[in-house]
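The numbering of the sequence shown is this note's numbering, which starts it at 52 and goes up by one.
Hint data in this document are derived by calculation from the structure and do not stem from the laboratory.
Fair warning: there could be bad hints in the mix.
Calculated cross-link-like contacts (lysine-lysine; reagent style DSS-like; alpha-carbon spacing at most 25 Å) [said to hold, decoys possible]:
| # | residue 1 | residue 2 |
| --- | --- | --- |
| 1 | Lys-106 | Lys-123 |
| 2 | Lys-105 | Lys-123 |
| 3 | Lys-78 | Lys-106 |
It should be emphasised that the depicted structure is a prediction, and the values quoted were computed from it without experimental measurement.
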Amino acid sequence: MMFVHPEFQGLGIASHLLSRVEEEGLKLGFSRIYTEASRTARPFFERRGFRVIKKQIVEKRGQSLENFLMEKLYG
């Protein structure tokens with residue numbers, strides 16, 4: 052999970068964090084990484100090479116929320 056406080060969005064923090072996760076994954080030999088992205092986070096991940104595998108509806112505290120299972124493949 053990755054969240055950036057709204058006051059600090061647009062400063063490249065999420066991009067930097069994701070880059071570090073990807074670097075470590077590659078060092079460990081991962082061939083893919085995945086996320087369950089919110090509707091608002093989906094474009095961020097798409098710009099960084101992730102693709103939607105499927106749309107999901109999840110329940111949290113009695114609320115139904117839409118998110119997207121997304122993955123990025125390496126190699």
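Hints, verified against the model:
With a C-alpha separation of about 16 Å, the suggested pair Lys-106 and Lys-123 falls inside the 25 Å cut-off, and the hint holds. As the CA atoms of Lys-105 and Lys-123 are separated by approximately 13 Å, the hinted pair is consistent with the 25 Å bound. Annotation: proposed proximity of Lys-78 to Lys-106 is violated, straight-line Cα distance about 30 Å (limit 25 Å).
The structure fails hint 3 only (numbered hints given earlier).
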